[in-house]
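Chains as they are written, first to last, in my numbering: chain Z, 1 to 229; chain H, 1 to 229.
Rather than coming from a laboratory, the hints here were simulated on the basis of the structure.
None of the hints are false.
Identical copies carry no separate label here, and so any pair may be met within one copy or between two of them.
Distance condition first, Cα-Cα at most 20 Å in a straight line; then the derived EDC-like pairs of lysine to aspartate or glutamate:
(1) Lys65 <-> Glu145
(2) Lys68 <-> Glu123
(3) Lys68 <-> Glu145
(4) Lys68 <-> Glu146
(5) Lys95 <-> Glu18
(6) Lys124 <-> Asp60
(7) Lys106 <-> Glu170
(8) Lys106 <-> Asp225
(9) Lys73 <-> Glu145
(10) Lys73 <-> Glu146
(11) Lys221 <-> Asp99
(12) Lys68 <-> Glu33
(13) Lys124 <-> Asp88
(14) Lys73 <-> Asp139
(15) Lys90 <-> Glu123
(16) Lys108 <-> Asp226
(17) Lys61 <-> Glu123
(18) Lys214 <-> Asp225
(19) Lys187 <-> Glu158
(20) Lys73 <-> Glu123
(21) Lys124 <-> Glu74
(22) Lys65 <-> Glu123
(23) Lys68 <-> Glu50
(24) Lys61 <-> Glu146
(25) Lys65 <-> Glu146
(26) Lys29 <-> Glu123
From a predicted model like this one, the values you see are computed outputs, not experimental measurements.
2 protein chains.
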Amino acid sequence: MIKAVLFDIDDTLYNSTEQTFHARMNAIKAMIEAGLPLKDEKKCYKILKEIIDQYGSNYDKHFNKLLKKLGVKENYRIISAGIVAYHDTKSAYLKPYHDTIPTLLKLKEMGLKLGVVTEGRMEKQWEKLIRLGIQHFFDTVVISEEVGCDKSSKRIFEVALRRLKCKPNEAIYVGDRLDKDIANANKVGLKTVRILKGKYSKMKIPIKPDFTIKTLSEIIKILKDDYYG
Amino acid sequence: MIKAVLFDIDDTLYNSTEQTFHARMNAIKAMIEAGLPLKDEKKCYKILKEIIDQYGSNYDKHFNKLLKKLGVKENYRIISAGIVAYHDTKSAYLKPYHDTIPTLLKLKEMGLKLGVVTEGRMEKQWEKLIRLGIQHFFDTVVISEEVGCDKSSKRIFEVALRRLKCKPNEAIYVGDRLDKDIANANKVGLKTVRILKGKYSKMKIPIKPDFTIKTLSEIIKILKDDYYG
Chain Z
1 MIKAVLFDID DTLYNSTEQT FHARMNAIKA MIEAGLPLKD EKKCYKILKE
51 IIDQYGSNYD KHFNKLLKKL GVKENYRIIS AGIVAYHDTK SAYLKPYHDT
101 IPTLLKLKEM GLKLGVVTEG RMEKQWEKLI RLGIQHFFDT VVISEEVGCD
151 KSSKRIFEVA LRRLKCKPNE AIYVGDRLDK DIANANKVGL KTVRILKGKY
201 SKMKIPIKPD FTIKTLSEII KILKDDYYG
Chain H
1 MIKAVLFDID DTLYNSTEQT FHARMNAIKA MIEAGLPLKD EKKCYKILKE
51 IIDQYGSNYD KHFNKLLKKL GVKENYRIIS AGIVAYHDTK SAYLKPYHDT
101 IPTLLKLKEM GLKLGVVTEG RMEKQWEKLI RLGIQHFFDT VVISEEVGCD
151 KSSKRIFEVA LRRLKCKPNE AIYVGDRLDK DIANANKVGL KTVRILKGKY
201 SKMKIPIKPD FTIKTLSEII KILKDDYYG
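Using the sequences and the hints given, assemble the complete structure.
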């Protein structure tokens with residue numbers, strides 16, 4: 001019987017694909033308005049994306065690199081315009097899915113423990129939970145930076161299970177990525193739910209989740225079937 | 001005759017003393033709400049202030065140090081609650097004085113060049129100008145990080161003068177700190193205006209500005225007297 005539900009954050013509890021796209025695009029628009037010489041937004045976006053892929057999303061000088069790539073001398077009138085627009089847009093789109101909070105509440109009512117297992121920096125992932133207004137729902141939050149390993153290691157899941165006093169087959173993991181969330185949680189022996197949201201919803205690889213859902217509230221039925229089944 | 005007006009940012013163009021106080025206080029309240037064991041807000045504020053004085057305002061782990069000092073294990077449920085409250089409050093109080101924009105507009109109408117000479121990190125100081133909505137008013141913005149020296153060096157002022165094509169006696173500098181803004185701008189040969197705002201308004205040291213004002217709009221009269229005088 002399932003005693004705990006563990007969640008990924010990005011694209012699982014809120015739409016991070018949409019958030020990231022608009023934040024980058026609005027940053028580019030602001031930088032163009034502030035004097036960036038390349039006025040083609042789509043071309044800028046493509047170059048910026050290459051830079052982010054190269055340096056990683058936690059690097060903090062993406063816009064400096066963009067200017068360099070476009071042959072523009074470092075200019076904080078432009079860079080800071082981008083940063084301000086980026087952060088404002090990130091905040092504006094940091095909203096739970098319409099059914100995130102009702103679903104978490106329902107799971108609580110059903111007596112289930114809730115947890116988060118996610119990759120990223122502690123400060124950033126906690127900020128997301130707080131701004132989403134859902135930080136109080138979770139009995140444990142395990143972040144890769146904290147435990148020193150990502151989801152490819154069993155340990156990140158095992159830490160969560162230990163804290164919740166659950167065996168692997170008593171917990172279910174909900175995530176958007178077949179290659180990370182589902183593949184790794186499967187290995188640990190958790191039940192797995194793939195949520196078809198965000199840019200990874202089209203991924204096709206031979207990894208099988210136990211369940212596939214289109215929207216978060218569908219896990220209620222899965223768990224009720226488990227409970228009564 | 002005066003051709004250019006140069007400004008400090010903090011406590012000169014907006015109330016940074018008030019902003020900083022409320023941002024720190026709201027961060028403490030949020031951390032207490034999130035589980036900080038010391039519930040005495042004033043005592044927490046005092047400890048936090050000591051940490052900021054010790055590590056500098058641009059250090060990014062003040063709240064981690066606070067927890068350590070209180071004997072609490074690093075806990076991002078608490079730290080990130082503080083960070084979110086801090087940033088939200090900073091944004092909320094990042095508003096120009098009631099007469100900042102009218103004064104800058106009037107100076108523009110009078111045909112004067114405008115500039116900023118300030119200490120700090122480029123990203124942060126530019127962010128302030130952008131969020132204050134005044135970045136387009138200035139013909140030049142010179143920040144200590146950019147030129148590699150603070151206001152104790154003549155060079156930071158000389159860079160601004162060169163960019164504005166002004167001699168020292170053709171420019172006036174407006175700032176809140178007698179010991180930094182006024183003392184150093186005096187040395188360079190600029191006319192100086194002390195604005196009595198923020199925590200340095202009570203400072204008494206034997207440094208004399210050419211003018212003292214209580215609110216920004218008073219510089220209009222000073223400059224008109226200069227023009228017609």
